[in-house]
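Assembly of the complex is requested from the two constituent chains, each provided in isolation within its own frame, with the hints serving as guidance.
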Amino acid sequence: MALLEIDQIDVFYGDVQVVFGLSLHVEEGEVVSIIGGNGAGKSTLLRTISGLIQPRRGEIRFEGNPIQRLPPEEIVARGIVQVPEGRRLFSLMSVEDNLIVGAYNRRADEKKQQTIEEVYALFPRLRERTAQLAMTLSGGEQQMVAIGRGLMALPKILMLDEPSLGLAPLLIRDIFDTVRKIADQGTTVLMVEQDVRHSLSLSDRGYVLEHGRTAMEGPAQQLLDNPHIKTAYLGL
Amino acid sequence: MLFIIEDTINGILMGSIYGLAALGLTVIFGVLKVINFAHGSLLMVGMYVAYWAVLLTGMHPYLSLVVVVPVMFVFGYLLQDILIKPIFKSEKEVREPITVIIVTTGVWYILDNLALLIFGPQYRNIQDNPLRGKMLEIGDMMVSVPKLWGFFTALATALVIYLFLRKTRMGRAVRATSLDRDAASLQGINQYRIYNIAFGMGTAVAGVAGVTLVPFYNVFPTVGVLFDIKCFIIVVLGGLGSIGGALLGGMIIGVIESVGPQFMTATWTEAIVYALFLAFLFLKPSGLFGVKYDW
Numbered sequence: 001m002a003l004l005e006i007d008q009i010d011v012f013y014g015d016v017q018v019v020f021g022l023s024l025h026v027e028e029g030e031v032v033s034i035i036g037g038n039g040a041g042k043s044t045l046l047r048t049i050s051g052l053i054q055p056r057r058g059e060i061r062f063e064g065n066p067i068q069r070l071p072p073e074e075i076v077a078r079g080i081v082q083v084p085e086g087r088r089l090f091s092l093m094s095v096e097d098n099l100i101v102g103a104y105n106r107r108a109d110e111k112k113q114q115t116i117e118e119v120y121a122l123f124p125r126l127r128e129r130t131a132q133l134a135m136t137l138s139g140g141e142q143q144m145v146a147i148g149r150g151l152m153a154l155p156k157i158l159m160l161d162e163p164s165l166g167l168a169p170l171l172i173r174d175i176f177d178t179v180r181k182i183a184d185q186g187t188t189v190l191m192v193e194q195d196v197r198h199s200l201s202l203s204d205r206g207y208v209l210e211h212g213r214t215a216m217e218g219p220a221q222q223l224l225d226n227p228h229i230k231t232a233y234l235g236l
Numbered sequence: 237m238l239f240i241i242e243d244t245i246n247g248i249l250m251g252s253i254y255g256l257a258a259l260g261l262t263v264i265f266g267v268l269k270v271i272n273f274a275h276g277s278l279l280m281v282g283m284y285v286a287y288w289a290v291l292l293t294g295m296h297p298y299l300s301l302v303v304v305v306p307v308m309f310v311f312g313y314l315l316q317d318i319l320i321k322p323i324f325k326s327e328k329e330v331r332e333p334i335t336v337i338i339v340t341t342g343v344w345y346i347l348d349n350l351a352l353l354i355f356g357p358q359y360r361n362i363q364d365n366p367l368r369g370k371m372l373e374i375g376d377m378m379v380s381v382p383k384l385w386g387f388f389t390a391l392a393t394a395l396v397i398y399l400f401l402r403k404t405r406m407g408r409a410v411r412a413t414s415l416d417r418d419a420a421s422l423q424g425i426n427q428y429r430i431y432n433i434a435f436g437m438g439t440a441v442a443g444v445a446g447v448t449l450v451p452f453y454n455v456f457p458t459v460g461v462l463f464d465i466k467c468f469i470i471v472v473l474g475g476l477g478s479i480g481g482a483l484l485g486g487m488i489i490g491v492i493e494s495v496g497p498q499f500m501t502a503t504w505t506e507a508i509v510y511a512l513f514l515a516f517l518f519l520k521p522s523g524l525f526g527v528k529y530d531w
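Note that the protein sequences, when read in sequence, are chains A and B. Mapping to the working numbering: the first sequence position 222 is 222, numbers consecutive. Numbers given in the working numbering equal positions in the second sequence, counted from 1, plus 236.
Extracted from the complex, chain B is given alone in its bound form (with noise of 0.2 angstroms):
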């Protein structure tokens, strides 16, 4: 019994990891409408990043996050802005730009390439890290270390999210231009400079979340692959822009992928994962936190 428990801890922790990286796709997503298929090479380059930064210096992986959250949020915004903006100002009719998908798609080839050119296949790990293989032990239970900070920054990150969004000037005209673009254009709001920022933040996001990976996890160039098809699920689980959704659907993922191989072998999980993601399709579209209504 203890080792279900400590399984359930355990994906728990990983899984809040998965939603702080869907997390950067449900904010993306939210304000732009339109999926962004580059996400996990974002992801990929936030842990270069990261990697190299920890390696370079010597310092905490944590106090990585002073460079890789500047570093990629200005990625991310000079990426919509050349890249993806002038389709929007092209096709000013259409809602959902399918065109964007394809750009993004582009995007991620060219980037995992791209590392793949520079640093070479090799998978690249931190070896003389702080938190690397630490254990925490309750009674018999053993807690990943690295895992449990990842777990609080993904709830802190969620957290400074959240405010940012509710609280703030900037982060109200966010909002108003997810819910209707034109409208927040007659308020005054440059709805294209609110996209790059929408696509800064999700990039950050996903470099945050590549620093709470790399104490733990190889780097290697289609590292990001593994975890864009998960985001994407937890983010359809979760409820499309919804932050509480993401990490709640993050940590169903993990449950199920750390919990399931006690009963089966640990490939069958992956099916259980696509079933309930085919059965959420079905049965409820919008998710678990999402709205129903259009936003």
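Bound conformation, chain A alone (with noise of 0.2 angstroms):
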């Protein structure tokens, strides 16, 4: 039994289809990308598996139960946890409260203390600016904070809407080197990325979005030979 399976989702804004029929899965302790262009409903998908948007026709499972009438703060606390796009901190709460913000539910309130520490151990960066309000942050910095929060949720699985968007070339190495880090320490991980090439080159398998449908899946290092994925996403 996958993780996380999507089957055959249809998701809706208003009157204007956005994702058609898409069925993915993830397996527990996987690191799997998402790829696409703008508009390809990569972002759609996270809302729809965050619970923040409900798929009109089709299933999310988690764990095996179905998941897509749950309310997002529900599906948090089952241990499905966004890092949502553009990075969304509190702007004028303190690092430190943004992280605890993130523990919010039941299950990993319990454990703040210790996940703060693995928190500031996974960037030390960030225990130097705990009262710091976020909005003074710098992008990269901005950056460690949400993924921090998210971690601080304690996820099953941490899904990250466009990590590296915005951030310096620099930055985003050290971001992805953020993300293995935490993929080897057991946390499933689904990623979606503009980035293709820093992105599946350190995932397990990846699938393809084109116009709200999967154009393509398999493992990453075949994704990235493949010679459509070259031209189209590459620049090859």
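No lab work stands behind these hints: they were computed from the structure. These figures come from a predicted structure and were not determined experimentally. Nothing false has been slipped in among the hints.
Only part of the chain A face toward chain B is listed, based on derived beta-carbon distances under 7 angstroms:
no., residue
1, S50
2, E73
3, D97
4, V101
5, G102
A virtual CB, placed ideally from N, CA and C, is assigned to each residue, including glycine.
What follows is the structure, given as structure tokens:
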């Protein structure tokens, strides 16, 4: 049984359909990338998994149970945690408060002192900035807080929506290294990215989304070697 | 000269009670992003609850807080849960659903008229309470004792709310929701529950303001209207969503109202208050302590 299974979902914004009969699955311990251009439906997919939008048809199963009708807070409580696109930090709250809010769900709340130490160990920079307001941080530091806040919820699966967005190339490498580290510590990762080369090279498998449909799927290395991906996404 | 100092002090005291009433409004606005037009009516309900609690049991007016605060919290919580939440749910994509303003206006009319129906139009006050008409003499100056109690209550309430928002798990969730409700949902926070709690808190604070007024103020069905408009002005003056701003804004209005009449006809002070309000809207719409950034 896959940890997360998406079965033939259709998602609409009002009358406009954005996701068409999409299926995918993520096994425990895997790192899976979803790649695709703007408007392919990648973020919509993550928002649907998180319960911010409900699919009109199809089923989403987590640990075997359907979750597509649950509210977002219940989905977080079950262990599906999203680090949203553009980071979405609580701008007027301190770094520490941002992290603590991440551990809001009951399961994580009990262990928050321990988890926050782990997050600071992963991002030593944040320990120096605990009292600083989130909006005064640099882009890279903000992404660290966003990922740290996601980890505070003790995710069984961590979903990252474009973690490299708007960061300098050097920082992008740092962030992807961190994602690899998180995965190596045993967290399952589902990542949406436009930086195809970096994200696929650290993933086990990948899906290519085009116009709200799965255009291709397979082991990450195989996708990287695929001629269509080379021309369309890697510019080779 | 002395009488100006005396008026200033009494203005600050009365103003802090205005600020206390506005504090409830600012808490609700800060989180739900909608103006609650029923706020004055909630204050009125709080005053009636306090009035009856004191009259029926003969307790000290301030002791009625133990009744008023929980009753008003539950009242506000349910009001939001039953009447306002469905609108937020059906207008999910709208950031500041204007329909909520219309509904709260409806709540205002219904509450005011219910009070008229049940309690009648007469002005009620508690004649024999230990605070009524008490004056504190400082040299040649007279300071109103019930307003002094109100002043300290306002400070204490503001401090409690501040600490709640800063230091507690629920308080952090309220702040997070007020800053970005979708992002808060993604942290496992039930935003509708937070709305209920914020509305309950705002209503409870209106109740506290009601308690501070009961010892020296008349209770009648439309008493809220007098405070409603003042609250809006104070909240704009102090900055929407700012706790300190609400108190300071209230004090400014209180001082204008009490010192003004020494120099002009009392009714003119209202003109000054409104002029100040307009000036702020033109020059510093974010208010004294409001954040320029969206929150």
